[in-house]
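If you're matching them up, the sequences are chains A and B in order.
Taking UniProt numbering, the leading residue of the first sequence gets 1, the next gets one more, and so forth.
Taking UniProt numbering, the leading residue of the second sequence gets 1, the next gets one more, and so forth.
Keep in mind that a hint or two might mislead.
Between beta-carbon pairs, the in silico distance windows are [claimed, not checked]:
no. : chain 1 : residue 1 : chain 2 : residue 2 : range
1   : B       : G452      : A       : P38       : 29 to 35 Å
2   : A       : G12       : B       : S350      : 48 to 54 Å
3   : B       : A479      : A       : P38       : 23 to 29 Å
4   : A       : F108      : B       : S342      : 43 to 49 Å
5   : A       : G12       : B       : E480      : 50 to 56 Å
6   : B       : S342      : A       : S24       : 53 to 59 Å
Subject to a maximum C-alpha distance of 20 Å in a straight line, what follows is the list of computed EDC-like cross-link-like pairs (lysine to aspartate or glutamate) [stated by the list, open to error]:
no. : chain 1 : residue 1 : chain 2 : residue 2
7   : B       : K685      : B       : D585
8   : B       : K334      : B       : E71
9   : B       : K34       : B       : E71
10  : B       : K398      : B       : D284
11  : B       : K179      : A       : D39
12  : B       : K525      : A       : D39
13  : B       : K792      : B       : D777
14  : B       : K352      : B       : E401
15  : B       : K179      : A       : D78
Among chain B residues calculated to face chain A with C-beta under 7 Å, some are [claimed, not checked]:
no. : residue
16  : G474
17  : A520
18  : I521
19  : M522
20  : T524
21  : L526
22  : T530
23  : L532
24  : R537
25  : P538
26  : V679
27  : A744
Everything labelled a hint here was simulated from the structure, so no lab data went into it.
Bear in mind the structure is a predicted one, so any value in this text is a computation, not a measurement.
Heads up, the beta-carbon is just placed ideally off N, CA and C, and yes, glycines get one too.
Letter by letter, the chains look like this.
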Amino acid sequence: MNELLLMCTIAGRRAAIPAIEVQSVIEVDNITPIPGTPDFILGLTALRSQALTVIDCALAIGLEKACTSRDQRAAVVDIDGHLYALLVEEAHDVGEAKSEPVAVPGGFGEGWQRAARGMVETDGGPTLLVDIGQLVSGPLRQAA
Amino acid sequence: MDELLADFVAETREMLEQSGSELVAWEADPSDKKRIDTIFRFVHTVKGNCGFFDFPQLEKLSHAAEDALAECRAGRREPDSALVTAVLAIIDRISEMTDAIEAGEELGTGNDEALIAALDADAEVEVQSDVAIIEEEIEVAAVSAPANDTQAEAAPKAPAKGVQRSIRLPVDLLDEVMKGVSDMVLARNDLARRLREAGEQPAIDGPFERLSAILADVRTSITRMRMQRLEHLFSSLPRLVRDLSNELGKQVMVDFEGSEVELDREMIEMVRDPLTHIIRNAIDHGIETPAERLRNDKREIGLLKFAARQSGNQISLVITDDGNGINVERVCEKAIANGLYSRSEIDKMSDKQRENLIFEPGLSTAEKVSSVSGRGVGMDVVRSNIERVGGSIEVSSKPGEGTSFHLQLPLTLSIIAALTVGSGDQRYAIPRSYVEEIVFGNSSHVEFAQAGDRRLVTFRDKRVPCLSLGEVMGSETNAECDWTSKTLILVRLASDDVFALAVDRVFDHEDVVVKPIAPAIMETKLYAGTTLLDDGRPMMLIDLPSIAQMRGMVGGVRTKPTIADKSEKVEKSRAVPVMLFAGLDGRHRAVRLELVRRIDTISRDAIDIEGDRAQAVIDGEIMTLAGHDTGPLPDGRCRLLRLSDGEHELVYAVKEVLDAADVTEDVVPSEADTAIEGVTLIGGKPIPLLDGHAVFSRYRATKKVEHTLTCRIPEGSEWARTILEPLVQAVGYRIAGDDDEVEADLAIALAEEGEVLTTGAREVIRLRPEPEDAGDDTIYRYDRDGLLAALKRIRTGRAA
Chain A
1 MNELLLMCTI
11 AGRRAAIPAI
21 EVQSVIEVDN
31 ITPIPGTPDF
41 ILGLTALRSQ
51 ALTVIDCALA
61 IGLEKACTSR
71 DQRAAVVDID
81 GHLYALLVEE
91 AHDVGEAKSE
101 PVAVPGGFGE
111 GWQRAARGMV
121 ETDGGPTLLV
131 DIGQLVSGPL
141 RQAA
Chain B
1 MDELLADFVA
11 ETREMLEQSG
21 SELVAWEADP
31 SDKKRIDTIF
41 RFVHTVKGNC
51 GFFDFPQLEK
61 LSHAAEDALA
71 ECRAGRREPD
81 SALVTAVLAI
91 IDRISEMTDA
101 IEAGEELGTG
111 NDEALIAALD
121 ADAEVEVQSD
131 VAIIEEEIEV
141 AAVSAPANDT
151 QAEAAPKAPA
161 KGVQRSIRLP
171 VDLLDEVMKG
181 VSDMVLARND
191 LARRLREAGE
201 QPAIDGPFER
211 LSAILADVRT
221 SITRMRMQRL
231 EHLFSSLPRL
241 VRDLSNELGK
251 QVMVDFEGSE
261 VELDREMIEM
271 VRDPLTHIIR
281 NAIDHGIETP
291 AERLRNDKRE
301 IGLLKFAARQ
311 SGNQISLVIT
321 DDGNGINVER
331 VCEKAIANGL
341 YSRSEIDKMS
351 DKQRENLIFE
361 PGLSTAEKVS
371 SVSGRGVGMD
381 VVRSNIERVG
391 GSIEVSSKPG
401 EGTSFHLQLP
411 LTLSIIAALT
421 VGSGDQRYAI
431 PRSYVEEIVF
441 GNSSHVEFAQ
451 AGDRRLVTFR
461 DKRVPCLSLG
471 EVMGSETNAE
481 CDWTSKTLIL
491 VRLASDDVFA
501 LAVDRVFDHE
511 DVVVKPIAPA
521 IMETKLYAGT
531 TLLDDGRPMM
541 LIDLPSIAQM
551 RGMVGGVRTK
561 PTIADKSEKV
571 EKSRAVPVML
581 FAGLDGRHRA
591 VRLELVRRID
601 TISRDAIDIE
611 GDRAQAVIDG
621 EIMTLAGHDT
631 GPLPDGRCRL
641 LRLSDGEHEL
651 VYAVKEVLDA
661 ADVTEDVVPS
671 EADTAIEGVT
681 LIGGKPIPLL
691 DGHAVFSRYR
701 ATKKVEHTLT
711 CRIPEGSEWA
721 RTILEPLVQA
731 VGYRIAGDDD
741 EVEADLAIAL
751 AEEGEVLTTG
761 AREVIRLRPE
771 PEDAGDDTIY
781 RYDRDGLLAA
791 LKRIRTGRAA
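Just chain B, same shape as in the assembly (with noise of 0.2 Å):
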């Protein structure tokens, strides 16, 4: 079954048991408003949801108890024991559809209209309810529908077997599991550093190794188990707006930025129901129809826009359209004519507040009611959802140009990508995701310039602001900051802003497990978590959109897109992003943005080159180092480009890393020169691209083969333990002693000593002492090439 589908029908039974008990207290007092707004909801969740699955029947009933009730709400209608009644049997029936939904059977008629007709306030028909009630509801079922069930002509059948194997968890249990994997990944970190401290010691070493590969597969499991990514969610959207701009006459596209953002299950569970209501809100009241827009002087197809970005515990999903904006002054209106605020008190409101009116139960601007929207659920539900899970939304408009709601969604325990980076004295970490691009302030295409206090750079003929971090953090003042000696990495926020935030060093990337830090941490507004390095050390994870809210880096709605962007992103895909730099000779050259891991700074001392050899150290680890023939080495310190094939590393020696550029021209190739691809045209300059493949053949060490073969050799002869072995060793086998019991990969025979010696091996090579064919298999002993190639032929054929 459809996993969306599933969703669907998991989420629905498990309202219908929460609703179970909101049933009978309501059949006991029909005018409690409060069990009214818990059962209106539910029909109108489910109401909603059938709106994106298609299933007219479904939505019909509830649409029609959705109808009921809000006549209630309003104050219309005085709920009664007739209207209980039938809005149970259409509840029952929905729970009964929804088996069948999940068991994949026609829903079946039922006689659904004359359960819509008991609705009807002067109806005075007896409901005939022919309801199955599954088995786990019959309690409640009893006890809130007793007329229901004496009428009941169905015996309750079982529940409809599962049609996909999976069971449902507490996700209390789940995050108490990946805590506590989370704490055992710092306590293997934690051993891994004393274990390095106290030296080698293969005893231990060895079920250390196994021990972190099953913790890290442990962790990726778990970790799955809880977290989807957005895509999974995003996925299901544009069905849906299409077909709500289509019963609404309206054209609207939808685009995505951050899909792969990883969220937890159950918190994408939470955001599906929101965020449709957000979709509908946005399309009915937001977008205008297409002549609308001609009008304003707008495409006539609508956007809408979904950013998601991680940031800690935090997750920000930002839900932009481009219509109309919210007509503040109607909200106002409504709010004083339902009585929900007085005009003085609205009069008292700043303009954020009187925007978040929206929010307010009971509110709807729609000039009439749609089968869409327009009920004035829509936005409390919204932000009831929202809150409940311990998040926040936020609302911001510009008359004519669109609105934006902000989702803050909590994210307690998570593992994520961070780039670890140095200010002051102190390492901090910055979620990667908002990280565009890091560029050295004292390149020679950054260029500084100042208006008033606040320092721009100019990078890509861009005017952006700079924030120091050691300034954010009070370690040194904006005037002391030697801007050109920092490192500037170019943030942009899930609101579109980019600054640029100045650091003192930018260390590596990896991925920190987040753990929420104390409140009084928390009120200073800078740090989202926290996080332990491998060495047990404590590191900050810096709350970036809160920096820049303070620092009044963000600019609010943004609803700029054009034709002439999309069609500049399309050309950007075609394009193969290298990294421009010079190399110890001066000469400009690229290479490929993802052979490159990262660019390490270290000094001259640590490269040590002999003859062919050329090594560095960075951290402790020694790599192969190329690029460095090209021209002599700096004195002090060496830029180093990291690349990485996937498997293995090596560094390359840069004068300078320059900048980063898109090839979008032909790469031409070039014969004389075996080092690179070839020459290309970047910024109308020819620019020979570094051949990835050239260098790793050329400079990776061979890959060990990870099983020696062993190989038996005659005893006793001096030919074969002065001539022989060292032939055979040179090749890659290991003799095989007298005391090794095991079979070995291989035995070498003499011809002329029989049968003897050959048992105990898998294969086996003859050799001959004549140099005639003597027509079996043999090798003649002198035949170098021909038991070389049996040799490798049999190793080959083993290690495979």
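Okay, chain A solo, but in the shape it has when bound (with noise of 0.2 Å):
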């Protein structure tokens, strides 16, 4: 089973989301703030009259930086229902996973532990595959 993934860049880190979760990859331009949320979600924005809940990738991890990117690339994803678009540093091509995802002794680093399902071999290289569910729900869950 050679997963696809959709490349990307979260703090400086490749990483990657199932490919089968990713309904498009858009460019961010508007985003209307939503006063009182906690930090990772930046806001809403809206996408062929449907409005996605932006997610700060970098920040939902629980790194202290957020995101900087110059094209404010993200992907759109449906969870239970909701649109939510993952803003990522760099979106890259679509690959294949070859290998599982698995674990590595030590683990990936604080907040990486969390978000990601594990490390997959890619043709770039070692890549940690993000839990877009651990995603939306962000840092402060978990640590609740």
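Using the hints, put the two standalone chains together into the complex.
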């Protein structure tokens, strides 16, 4: 089973999102902030008359620095009927997983350990497979 | 057939279908507690519904079955196959009766007595059922009740012909269609914006307008397909309450609020049953007998109040009685006695948890079992029904003062009327149903006061706590909030608590399509949903009840309405609501509130006055301006009342908006000033009341006739071209040219030229050259009045 993955960069690290979950990759231009929400929720953006919740992947993982990117690329995913735009630093091509996701002794480091389903081998080298369900619930709920 | 009755039949049939498999399972294992519960609920519900439709036979049957099953549930009787058979026979009979009800036939006596007797534990009656089974049920019945089937004498008859032409659709499908239409509306808005940006394109604009109109129609009907006003549900309640209170020897009156709230048809069906149970409980346990009430210094008539509000994708329904409240002690005792909880568990519970014990299965506080309630099924069924549709129910109670049930019901997809407001740099939507009134912080009759750190506003002699939206949203702190520059929205919650929400600006009211929001955003408890603005930007819908709850603006049970309140209400409804304002000359005037659509504030630059023509530009639209002639326009910002007669709108310039008031005194007409309806007394002062009719008739631009009429005039006549043509055009006709193939509406012919050119027109006017009356229906060519009258007569006749 060679899973197709959307390769991207989150906080300078190579990461991947299962391509089957990704509806499209968009460039987010206008974000309406939502006061009162945790940091990692940047706000709402509209795509074809639908509102997407924009998530900053780096903050959602629990890292301190927000995603910095020039073209504001985001992967659109549907989780439990809600649409999210996962903002990443860079979005590359779709690639193939060369292995099953595996854990690495010692973990992937704080934050990453929670948000990653494991490490997969790809053409570009070892990549962290991101668990999008964890991403959208953010670091706070994990801590609670 | 009565719609309610049809609903009852449909509901019963649906339940019969569902209970089919349960019946089979029960037969296999008569001691299965779960199955008994399900079947028990079914007969219980049927019994409940019968109470409201007056089917004594049906009620008797279901009551008997319920009795027997209750015995089993309580463990006083061991269910055996004889009982199963007897209950099945009754259920079949119910199904038969349902068919008869639908067809409007007599129920027939059957051998109901025998069926009931068969339930008796000691009876050794062999069930002789002559039940007719409807076609769809044969399979179920054949498996579940072989005894019945073999003995059935009557051949299964075809299902009664439906009286009403209707189909039942899965709600999922409706949901999908509804969602599609909502998305279409949003896509249309998006397209509309792009078209606006691209400028005028007649070739596209026309079809687009048509598309919009069609879409609006479709949306309305789709919405209607799913929605029903709560009124529909409420209308059946007074009768139920009356019957119940008569039966129990109590006096209860009902009060409804928010019956215009629309609810999913499905949801109405879901609420109907729980509501019936709550009412039964309230009347049976809550409200005391008249004698007892008098002893407790209450009015002998109890009050049952229903208040509904819509907010985002939630409907909140509060049912309040002013009875004795829940006897928490007794509920706890009962829970312990029934072995639901241990004493120590109860001791650990909060008061709230103890109150909510009434939702536990198998708990009843009634001293005796009446036919109305007290079997301890009511509230657990209520809760399970409401939770099944994703809602929640809570109870709060004060001993001696009353009980209220708060139901929250979800509305996955809805279009609601909202007020768009600005706070900080953001726009938010507030459900309009909560908005009681809007006042400007700088109005002269709004006074701020401070108690501790709580800002209060005194408005209409009431002190109302203030909440700044900016502070709630974290964009400013209370200390830096400039209250007088804010607009205050007086919010009345379903629980009747009032508070003022301060926002920077109120933009407009519009209908918005509310979409659910992601759970992580939901967790903030600030928002109820999201919606898209016309320009495609998302906007959050504020969850007012939740914010009020977090900020402690909700006071709990309120049961204060008294006679004085009532009479005041009656008086209010007779009064004419008006808006008081100061004209540009500073004089106070009033305008009927119904005329005022909203208040706009624009800058002086957006107003253009030249001679008799005065216009204002608001949101890119040019509107006729009135009221500017009473005094000089203020520099800077102008406040305008947007008046509407339903079709046309114009704006009326004012210096300041003062207040809303009710005109209860007579309006004394004034001959001298035609711009006013008359003068009336408001708060002891004479106030002129603006005459809406006069304003609109004076300022409204004449409506263009939709269809321009065409007129053919004699060709080749210089007189016709130079003299006649301008006259005809001035009256509003278009001159038909040679290349006009279509039939003209009118042709004017010169009598001396005979019959030429009169074909191809629906009406003909002949002109004669001589002033003398020729005795035919011709008109002298210089008889201007006669000619104009003829043109006008034809024109009005055509345009009509």
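These are the hints, each one checked on the structure:
1. G452(B) - P38(A): 29 to 35 Å: holds, 31 Å
2. G12(A) - S350(B): 48 to 54 Å: holds, 49 Å
3. A479(B) - P38(A): 23 to 29 Å: holds, 25 Å
4. F108(A) - S342(B): 43 to 49 Å: Because 47 Å falls inside the window, the suggested range holds.
5. G12(A) - E480(B): 50 to 56 Å: violated, 39 Å
6. S342(B) - S24(A): 53 to 59 Å: Given about 56 Å between the Cβ atoms, the range holds.
7. K685(B) - D585(B): holds, 18 Å
8. K334(B) - E71(B): holds, 18 Å
9. K34(B) - E71(B): The hint holds at about 15 Å.
10. K398(B) - D284(B): The hint holds at about 17 Å.
11. K179(B) - D39(A): violated, 31 Å
12. K525(B) - D39(A): holds, 16 Å
13. K792(B) - D777(B): OK: K792(B) and D777(B) at ~16 Å, within 20 Å.
14. K352(B) - E401(B): The hint holds at about 16 Å.
15. K179(B) - D78(A): holds, 16 Å
16. G474: holds, 5 Å
17. A520: Holds: closest Cβ of chain A sits about 6 Å from A520(B), inside 7 Å.
18. I521: At 6 Å from the nearest chain A Cβ, I521(B) passes the 7 Å test, so the hint holds.
19. M522: violated, 10 Å
20. T524: Hint holds; T524(B) Cβ to chain A Cβ min 4 Å, cut 7 Å.
21. L526: holds, 5 Å
22. T530: OK, holds: T530(B) within 7 Å of chain A, min 5 Å.
23. L532: Hint on L532(B): holds, closest Cβ of chain A at ~6 Å, below 7 Å.
24. R537: Hint holds; R537(B) Cβ to chain A Cβ min 6 Å, cut 7 Å.
25. P538: holds, 4 Å
26. V679: violated, 49 Å
27. A744: Not OK, violated: A744(B) not within 7 Å of chain A, min 47 Å.
In the structure shown, a violation is registered for the earlier hints numbered 5, 11, 19, 26 and 27, in ascending order.
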